[in-house]
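Listed here are the chains, written in short residue letters.
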Amino acid sequence: MRETDPGYVPPKVMPSPILSASAGLLASVMMVIAIVILLRGHNAPGGGFIGGLVACGAYVVIAFAFGAKRSLKLLGIHPVTMAGVGLVLAVLSGLPSLGLGIPFLTHLWSDVPTELGVLKLGTTYLFDIGVFLVVVGSFTAFFFMFEEN
Amino acid sequence: MNVDLLLTLPVLIPLTASALCVAAWGAMRLQVAITVISSAALLVVSLILLMAVAHGAVLVTRFGDWAAPFAIAFAADRLAGAMVAVTGVLGLAVAIYAMADVRRIAAISGFYPLYNGLLSGVTGAFLTADLFNLYVWFEVMLIASFGLLVLNKTRDQLDAGMKYLALNILGTLLFLAGIALAYNAAGTLNLADLAVTLQSGEQGAVGDIAAWLLLLAFLMKAGAFPLFAWLPASYHTGSIAVTAIFAGLLTKVGVYAIIRIYTLVVPLEGTLLQPILLVVAGLTMVTGVFGAAVQWDVRRILSFHIISQIGYMLLGLALYTPYAIAAAVFYVVHHIIVKANLFLVAGVMAREGGSYDVRENGGLALMTPFLAVLFLVPALSLGGIPPLSGFWAKLMIIDAGLEVEAWILTGVALAVGLLTLFSMGKIWAYAFWRAPAGAVRRTVGWQRMVPIAGLAAVTVAIGLNAEPLVAFSLAAAEQLIEPTDYIAALLPPEGAAVAEADQ
Chain A
1 MRETDPGYVP PKVMPSPILS ASAGLLASVM MVIAIVILLR GHNAPGGGFI GGLVACGAYV
61 VIAFAFGAKR SLKLLGIHPV TMAGVGLVLA VLSGLPSLGL GIPFLTHLWS DVPTELGVLK
121 LGTTYLFDIG VFLVVVGSFT AFFFMFEEN
Chain B
1 MNVDLLLTLP VLIPLTASAL CVAAWGAMRL QVAITVISSA ALLVVSLILL MAVAHGAVLV
61 TRFGDWAAPF AIAFAADRLA GAMVAVTGVL GLAVAIYAMA DVRRIAAISG FYPLYNGLLS
121 GVTGAFLTAD LFNLYVWFEV MLIASFGLLV LNKTRDQLDA GMKYLALNIL GTLLFLAGIA
181 LAYNAAGTLN LADLAVTLQS GEQGAVGDIA AWLLLLAFLM KAGAFPLFAW LPASYHTGSI
241 AVTAIFAGLL TKVGVYAIIR IYTLVVPLEG TLLQPILLVV AGLTMVTGVF GAAVQWDVRR
301 ILSFHIISQI GYMLLGLALY TPYAIAAAVF YVVHHIIVKA NLFLVAGVMA REGGSYDVRE
361 NGGLALMTPF LAVLFLVPAL SLGGIPPLSG FWAKLMIIDA GLEVEAWILT GVALAVGLLT
421 LFSMGKIWAY AFWRAPAGAV RRTVGWQRMV PIAGLAAVTV AIGLNAEPLV AFSLAAAEQL
481 IEPTDYIAAL LPPEGAAVAE ADQ
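In order, the protein sequences belong to chains A and B. Residues 1 to 149 in the numbering used here are what the first sequence lists, from first letter to last. Residues 1 to 503 in the numbering used here are what the second sequence lists, from first letter to last.
So that you can see chain A by itself, here it is in the shape it has in the complex (with noise of 0.2 Å):
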């Protein structure tokens, strides 16, 4: 039988061992970096965008090892929503200062102290994870679709 008959089933694939064993290791390391580097994006090269791709690797190195439902589980809920619930992130951020009578998407910071040093909190880090919730989600999404089919 050849792949283009009708009917034809691929053979199942064994999972690679080194795979699965390391997979977990894997995606563990990928997922700090990823929010290093969305956290990082602040002052420096990275941010919420970059930040998603690396943690949508993540859980797609779990989906080779363990299969797309594993991974689907570890998300939480379903990317849609979280592609959703980013967005929604995304644009509250812009709120604040609307509400002072600034334009929409006018950042905001407020100097928190701490032992460490001050600690600058502002509306930008709503907005990047916001941006990287879409990513994680929309990129997801999308793989799992392939999965599916």
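Since the hints were made in silico from the structure, they are not lab data. Be aware that one or more of the hints could be misleading.
Sample of chain B residues facing chain A (criterion: CB under 8 Å; computed from the structure) [claimed, not checked]: (1) Met1; (2) Thr8; (3) Leu15; (4) Ala19; (5) Leu20; (6) Val22; (7) Ala23; (8) Trp25; (9) Asp65; (10) Ala67; (11) Tyr356; (12) Asp357.
Ranges of calculated distance between the beta carbons of each label pair, as one might list FRET restraints [to be verified]: (13) B:Ala67 with A:His42: 14 to 24 Å; (14) A:His107 with B:Ala27: 26 to 36 Å; (15) B:Val206 with A:Ser22: 54 to 64 Å; (16) A:His107 with B:Leu402: 49 to 59 Å; (17) A:Gly76 with B:Arg29: 22 to 32 Å; (18) B:Asn2 with A:Phe49: 29 to 39 Å; (19) B:Ala67 with A:Leu74: 39 to 49 Å; (20) A:Ile77 with B:Asn184: 40 to 50 Å; (21) A:Phe49 with B:Leu414: 51 to 61 Å; (22) A:Leu53 with B:Asp399: 22 to 32 Å; (23) A:Phe49 with B:Val206: 40 to 50 Å; (24) B:Ala54 with A:Thr114: 46 to 56 Å.
Glycine residues also receive a C-beta, built at the ideal position from the N, C-alpha and C atoms.
With the hints as your guide, set chain B onto chain A.
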């Protein structure tokens, strides 16, 4: 309401609604509720915006509070305010109609997020005062509209969707190339800044080529001759709610972009583009109406009439007198309401009579006299019968044509009006006036009838009391031809100072 909020909300409301609908993936009732509530909110905000600009103020907001020529700015003058207001009216009408019309498969595949996304793209395109930002809103519209077009996932829809996407991406590429050249010539994409720089006359050929490419791209989006092939190839395959919102808004965004750019940035008068646009307008009217004459499917007849009506609007702009531009503004507003309503009526006709093909339909006038009246209002308005809104729209265009002694084009406009009436008569004679064809009647529901009746009421109201809208259009045209206020609002003196300090 403060200006920043007022200019942001028309985009923010549908955008947030779209995001919330995505977040509520799978919860259909919640998505319906979000969409109807947000469309109602959009209508309210857009009417407040319209009142704020009606007396000639030009409102501006700069996102992120950046300095004048650098920030992405939204600006609203009379034209933009009117367009956003009409979008609000149509957005709510179609959202209510969609409650009954959208099939389950379409809803699950994401009708509601895409619908709200489309509305945000349209209002964004009307409000933006930045050429690249305009491109972004065109892209938002293109993605959302492609998604909406293929929601039912039938073979027809995918075929139509591919044609729609391929030809529109070609237009998008032309647009992008035009933007690149304009930036090369002027070093800015803020519309006011671009206008000042390009009109200083030092830019030469590159600026001219940019103007040509942009016009080509916008004409394609507007569905003008000879670049309209995507429109009749795709519009009839979508569900009625989708087609109605497309018919009302998508091509008109192209027309709006032409009016905005070719009054503000590259004033049409005296350029080589003016005679070209005059010819294009005439040919668009004629090809559209002849295309409609040979069709039997109500949706295809109406699709071709969109094209012919676009010709009238382009003619108004191309004549380039204050009165003619006012006529174009009036025409756009009238047309959005009437054309979308005709598609909504076509949806009910197909449910009552069993088919979109008028030959397989019949007896609707006896079966549903109320629907017959609701068909006649927009149909006669489209044909230009007094005292409906279309009569004043056509009268203004023809009057403006006679004023500058453009005999041939005025004659064409008159003849095309008659042929439009012939097309509407064809639908009437077959689907309404003949003996009943023994069709299976299906439930229609108030969700379908209320928007149709509402839009018909707007058409009649404009027709019976045209004076306020005529006066408004004249004022809007004045603002367009003499855009000093618009430019001053976008380029305040302190902004110019920052620009100089930066160099």
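For this session: Using the beta carbons of Phe49 of chain A and Leu414 of chain B, state whether their distance is inside 51 to 61 Å or not.
Result: holds, 55 Å
For this session: For Asn2 of chain B and Phe49 of chain A, compare the CB-CB distance with the range 29 to 39 Å and indicate the outcome.
Result: Since the Cβ atoms of Asn2 of chain B and Phe49 of chain A sit about 31 Å apart, the hinted range of 29 to 39 Å holds.
Exercise. Cβ-Cβ distance between Ile77 of chain A and Asn184 of chain B: within 40 to 50 Å?
Worked result: Holds, since Ile77 of chain A and Asn184 of chain B (Cβ atoms, about 46 Å apart) stay within the stated range.
Exercise. Would the hint on Val22 of chain B stand, with a C-beta cut-off of 8 Å toward chain A?
Worked result: holds, 3 Å
For this session: With chain A as the partner, please determine if Trp25 of chain B meets the hint condition of a C-beta pair closer than 8 Å.
Result: It holds, given that the least Cβ distance between Trp25 of chain B and chain A is near 4 Å, below 8 Å.
For this session: Grab the minimum C-beta distance from Asp65 of chain B to chain A and call the hint holds if it beats 8 Å, violated otherwise.
Result: For Asp65 of chain B, the interface hint holds, since the closest Cβ of chain A sits about 4 Å away, which is under 8 Å.
Problem set entry | Status of the Met1 of chain B interface restraint (C-beta, 8 Å, chain A) | Check failed: Cβ of Met1 of chain B comes no nearer than 11 Å to chain A, outside 8 Å.
Problem set entry | Hint status (Cβ of Thr8 of chain B to nearest Cβ of chain A, threshold 8 Å) | holds, 4 Å
Problem set entry | Consistency of beta-carbon spacing, Thr114 of chain A to Ala54 of chain B, with hint 46 to 56 Å | Given about 52 Å between the Cβ atoms, the range holds.
Exercise. Is it true that the C-beta distance of Phe49 of chain A to Val206 of chain B lies inside 40 to 50 Å, as the hint says?
Worked result: Violated, since Phe49 of chain A and Val206 of chain B (Cβ atoms, about 33 Å apart) do not stay within the stated range.
Problem set entry | Hint validity - Ala19 of chain B Cβ closer than 8 Å to any chain A Cβ | holds, 4 Å
Exercise. Given a hinted range of 39 to 49 Å, is it respected by the beta-carbon distance of Ala67 of chain B and Leu74 of chain A?
Worked result: Once the Cβ atoms are compared, 45 Å apart, the range 39 to 49 Å for Leu74 of chain A and Ala67 of chain B holds.
Violation of the numbered hints given earlier is confined to hints 1, 10, 11, 12, 22 and 23; the remaining hints are satisfied by the structure.
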